[in-house]
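**Q** These are the residues of each chain, in order.
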Amino acid sequence: MSASLPATITLAHGGGGRQMHQLLEQIILPVFSNPWLEARHDAAVLELPAGRLAFTTDSYVVRPLEFPGGDIGSLAVYGTVNDLAMCGARPQYLSCGLILEEGLPLATLVRLVQSMQTAAQRAGVQLVTGDTKVVEQGQGDGLYINTAGVGLINHALDIAPARVRPGDVVLVNGDLGRHGMAVMTVREGLNFETPIESDAAPLADLVLALIAAGIEVHCLRDLTRGGLASALVEIAETAQVHIRLDEKALPLHPTVRAACELLGLDPLHVACEGRFVALVPADQARPALELMRTHPLGAQAVLVGQVSPAETALLTLTTPIGTSRRLERASGEQLPRIC
Amino acid sequence: MKFLDEYRDPQAAASLAQAIHRLITRPWTIMEVCGTQTHALVKYGIDQLLPGELNLAHGPGCPVCVTPIPLIDKALEIARRPGVILCSFGDMLRVPGSGEHLLAAKASGAQVRLVYSPLEVVRLAQAHPQVEVVFFAVGFETTAPATALAILQAQQLGLANFSVLGAQVILPPAISALLDFPGHNLHGFLLAGHVCTVTGFADYESLAQRYQVPMVVTGFEPIDLLQGIYLCLQQLETGRVRVENQYLRAVQRLGNPTAQGLIWQVFELESRQWRGLGEIPASGLRLQDPYRQFEAQQRFGPVSTSPEPPSACISGQILQGRKKPWQCPAFGRGCTPSHPLGAPMVSSEGACAAYYHYHRQADASRDHGRALKD
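Chains as they are written, first to last, in our numbering: chain A, 1457 to 1795; chain B, 5 to 378.
So here's chain B without its partners, still in its complex pose (with noise of 0.2 Å):
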């Protein structure tokens, strides 16, 4: 397949991954962000091909990962209601809430809808006049321009009967965060590169020079992820700090115009409440003034601020890269993504899901391997 094939090519990653093992001269920590490269990592087996020297830290870039538990409440109150269908996207109908998930509501009556895009929902709303259609908002940058689009439709068409539960959030503030964190031994970072298409990565080049860590923005597939790998490397290893771009083929400097265009249109930063990270300042997007008639929390009550319940989950811990999968001592035994404790064993971008899907035999893994041998 065009576009892709080439990015898979075995002599290449064969020799990427030499390349890092010339490079590398003493342990080193880089943290790629986003959830989806994490699961191309364990997927294609890349860890495999690395020097042991460095340790691969996933991030907080899984958005179902990151909603807190009293959202996702929230979004099951208003499912249960009748005269209400409350539509988001696949992975988060599977995430638990305090008790149960969105799915498990639908199974037992509520009006829960799968959907591919936000304008799916401006157009159930349009047909059910009569019901209270409700988006449950997840994601980062690139989900957040399609939320506000549909956000600007419903006004246009004066739809009464539509709203947003709003769990949009922006990733630099969270990166900010974790190396605010002490002790944190974080290094470098791949950036997600999804995300830099829309925002591009001109943000970033001040927290780069701020924390001093090198960053490289960073595609999905599998020579992606070894090219981001070795210039992250090469600026540890020389001492540089600078973001780059691998994704060139994605992401310009400045990014999507139209699609930030669309986000400020509509949305404001505020406070927000991450899953495992705690409150982190202008982290969340929230509706600006004219268009809060489209917030749900205006129509169906706010979102509890109760703190999260205790859990053997270590989430918190995995989505700031501390801790692996296999060292929480409920992976793939109390928490199985049939039964989650965590939404990292959730979500097709969490960490926890991807050790647990992709984890390989014993013998031919490093030292998770012998966690992982159940």
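So here's chain A without its partners, still in its complex pose (with noise of 0.2 Å):
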């Protein structure tokens, strides 16, 4: 780090004067070098094949900017390629727009920036534009960061929530609600004897390959805010279908499902960052299931439920003892700011 940056953030690295360059030159720009940022534009100019293409953008919040199995550098990163991930894109640029507190400390900085680009390397991205204000202190978390993301889609599935048609069947790729009590454990000061990390990754590789493989996804969903129940009930009322989902095959994690019932919070609406929900023709869940058991980020692929038509679109668990639940969004915030 340059002798010449102060320890901390100050208004004037916001301010498009000197300290701002310098802020920009020895600290941002060095970490995500690439042809686009070094052409020192007001704009990435970028060259696209002919086809569809899939845009996003997301904000992201998280406090606190650490936690167990990730950062909220590497959210910013993960939370907007799975979004083109589940449009069926591959990944390809990002914006980044990062909003930093008066008081932030350069290390600080340093790192969520390195972990910024250790995970836009990971997804296979660039990060081709950007831009830094700075709020005053108590006006904000220390850093807020927005990304827009941009990914090409290079097949001919439609893949929607209206897609989804009785008979599909529902495939989780691993344990749920990782992501959100990895976070609330940390702020809420909770100490497990197992901690929780974060389930944070990129998932566009595991989804590409399940197109590759030829097999007809109908919809695919990420589990963020407000969790798998929420993403379902989503999908479900869009499709007017009825998806039954059964408890004894939802696949959790001991110490979530643990800290769960110490919390009273229910882990079908508890945060995801690194799975999703591929609803698939029944016939083709074994040869997704195989091949999603193949790739590390599925490791723990599983079945969990089915769709079958009905008059009014619903969302039920069949319990361990055999009855039936109706299975709503979440309602409210269950765990503030996680994203």
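Take these hints with a grain of salt, some might be off.
[Claimed, not checked] Simulated pairs of lysine-lysine, DSSO-like, Cα-Cα distance not exceeding 30 Å: (1) B/Lys47 x B/Lys328; (2) A/Lys1589 x B/Lys110; (3) B/Lys327 x B/Lys47; (4) B/Lys47 x A/Lys1704.
[What the hints assert, rightly or not] Partner residues are not named here, just some residues of chain A that face chain B (Cβ under 7 Å, in silico): (5) Asn1610; (6) Thr1774; (7) Pro1776; (8) Ile1777; (9) Gly1778; (10) Glu1784; (11) Arg1785; (12) Ala1786; (13) Ser1787.
[As the list claims (entries may be wrong)] Residues on chain B that point at chain A, a partial pick, calculated with CB under 7 Å: (14) Arg12; (15) Ala17; (16) Pro226; (17) Pro341; (18) Ser352; (19) His361; (20) Tyr362.
It should be emphasised that the hints constitute simulated quantities derived from the structure, not laboratory data.
Fair warning: this is a prediction, and the values are worked out from it, not measured in the lab.
By construction, the Cβ of each residue, glycine as well, lies at the ideal position given by its N, Cα and C atoms.
Two chains, two separate frames, one set of hints: put the complex together.
**A** Encoded structure:
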């Protein structure tokens, strides 16, 4: 780190003058170094092949900035590339808007942008344009990040909630609720014998492998805020179907399960950042699961539910004792500011 | 998970349900006192396994639900003052007083904090000596020992900026009040397992005899609840009356003497208003003389004694077990967890919230299915 930079962020770092130039040249640009940023232009000029493009944006306000298994930097990359992946797109380029709070230690900023770059490399995307602003102390939680992303769609499948049909099955690529509980436990100072680590991870590779193998994917959805239940209620409503989940089949890490029991949270409403559901025709469940299980992010992939016709859109859960209950969207803020 | 999966075993549940069907010969009403039991009954669909002759009445064991509106208004008034941090448990923050709730006050600038333990509030008061830190203490005998411990710690530390707005109540007088209501129609009780972990159940034995109603100390898992119902029905069908303990793995007859010692070292009984049930003698916990300086009402003025404003909400009848949530005209229409008219729709222990969150599709439910189809 250059000696000419102070130990903490000041308002001058967002002022457009010499200090801001120093921050960008000495801290941020070297980390993300690529031809688009080297051009020092107002916008990145991208060469794109003909075809369909997916485009999305998301803002990240998680508190604390660093948590077991990740931080706001990696989250800001994975969250956005996963939204692209859920459209069946291969993520290509990201933008990055940083809103820094006066007083943020420079060392923290360095760690977090390095984490962003590591995550971007893992996800196979380039961070090609960005912006930095500074707000007064007390007006932010250290650092907020907005990322937007574009991805290319190289197949003919139409992947959308409205494509879900009776006879489809619901597959999930791993255990539920890790990210939300990882953030919750560190924020509330709860200590478990086995620490819970966030599951944040880039999902495009696994998703595109399913598509490349010829699996007729009807719908994909990453299980972020609101968890599995909220994602599937939305799909059931859009497709006007009844989705039945089998509680016994739902994969939960024992510590996550114990923490949810302890705190009175429903793991079906807790966020993940590296999990998704794939809705595929029942006859393709086996090859889809076999393929998912060969990938490190799908080793625990499992079938958790079925889609049937319905007059009224519905998500229900068959309990271990064989009864059934309706599942709703998460209500209110179970876990404030987790992504 | 050990000590959990065995209490959710489908075969055991099916055979207990069959035993209940074989046992019952006539209609009975059993009240589960505790809101967590209500939630478990509806969440696991246990009511779907039970015979039609058995009516489960949902009791007043939801501390947030029985906290009177003037007390919530007092908490709001304190929270809105500059230089004050008001702390409480999560559910309490979402229950509306006569106007807004504490989370809304927080959104408009009040310092309101959610805590998991009263001891966190003591630490907060230590860390902010210039700020008045107030704990809005709700709960039954389960939370009272921790509140007592916080007060003892605050006294040891000589904290002048820590106080407690007390809404702690105890359950036996409320059960007594329910059984004193004319025409109550309650035949037996499932007692709240967690409360009895602290209090034991010796006190309930005289209550059972006085009112001639069977009582079973019951846990919160599906097998616990089915066993509790079975044991209670067995007493009803054979004409016996006593207090039985289903929750053997957690509850002893005399409870936890250390926890009880803490409660009675710090608190004494007083008459208290319960939302929906009215004034119940010797049902509230107030600070004894040596600890009176920690009473928030001493610093911020007394709670108003104005009567509850009229409302479409029938939470009084819900909390007395006289009506089911779906029998309320506002249920699911004017009253939802996002726009609650009454506390039972807010709390994770409230009966209305249980029915709202876990109501089943019409074809999988009994009578209430029709009312819930919206």
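**Q** Work down the list of hints and note, for each, if the structure agrees.
**A** Verification of the hints:
Distance hint between B/Lys47 and B/Lys328 is fulfilled; the C-alpha atoms sit about 16 Å from each other, no more than 30 Å. Under the criterion of a C-alpha separation no larger than 30 Å, the hint pairing A/Lys1589 with B/Lys110 is consistent with the structure, at around 27 Å. With a C-alpha separation of about 19 Å, the suggested pairing of B/Lys327 with B/Lys47 holds against the 30 Å cut-off. Proximity of B/Lys47 to A/Lys1704 is assessed by CA-CA distance (about 15 Å); at most 30 Å being required, the pair is judged to hold.
Hint on A/Asn1610 is violated. Least Cβ distance to chain B is approximately 40 Å, over the 7 Å limit. Because the closest C-beta pair between A/Thr1774 and chain B is about 9 Å apart, greater than 7 Å, the hint is violated. The restraint placing A/Pro1776 at the interface with chain B holds, with a minimum CB-CB distance near 5 Å, inside the 7 Å limit. The beta carbon of A/Ile1777 is positioned within 7 Å of a beta carbon in chain B (closest approach about 4 Å), and the interface hint is therefore held.
For A/Gly1778, the suggested interface contact is upheld, since its CB lies about 5 Å from the closest CB of chain B, less than 7 Å. The restraint placing A/Glu1784 at the interface with chain B holds, with a minimum CB-CB distance near 6 Å, inside the 7 Å limit. A cut of 7 Å between beta carbons decides the hint on A/Arg1785: the least distance to chain B is about 10 Å, and the hint is violated. With 7 Å as the threshold, the beta carbon of A/Ala1786 stays out of range of chain B, its nearest partner Cβ sitting at about 10 Å, so the hint is violated.
Because the beta carbon of A/Ser1787 sits about 5 Å from the nearest beta carbon in chain B, less than 7 Å, this interface hint is met. Because the closest C-beta pair between B/Arg12 and chain A is about 5 Å apart, less than 7 Å, the hint holds. Against a cut-off of 7 Å between C-beta atoms, the interface hint on B/Ala17 holds, since the closest Cβ of chain A lies about 4 Å away. Satisfaction of the interface hint for B/Pro226 is found here, the shortest Cβ-Cβ separation to chain A being roughly 5 Å, below the 7 Å cut-off.
For B/Pro341, the shortest C-beta to C-beta distance to chain A is roughly 5 Å, which falls under 7 Å, so the interface hint holds. The interface hint given for B/Ser352 is met, as the beta carbon of that residue sits about 6 Å from the closest beta carbon of chain A, less than 7 Å. Annotation: B/His361 was flagged as interfacial toward chain A, and the flag holds, the nearest CB pair being 6 Å apart, inside 7 Å. With a cut of 7 Å, the hint placing B/Tyr362 at the interface with chain A holds, because the nearest CB-to-CB distance is about 5 Å.
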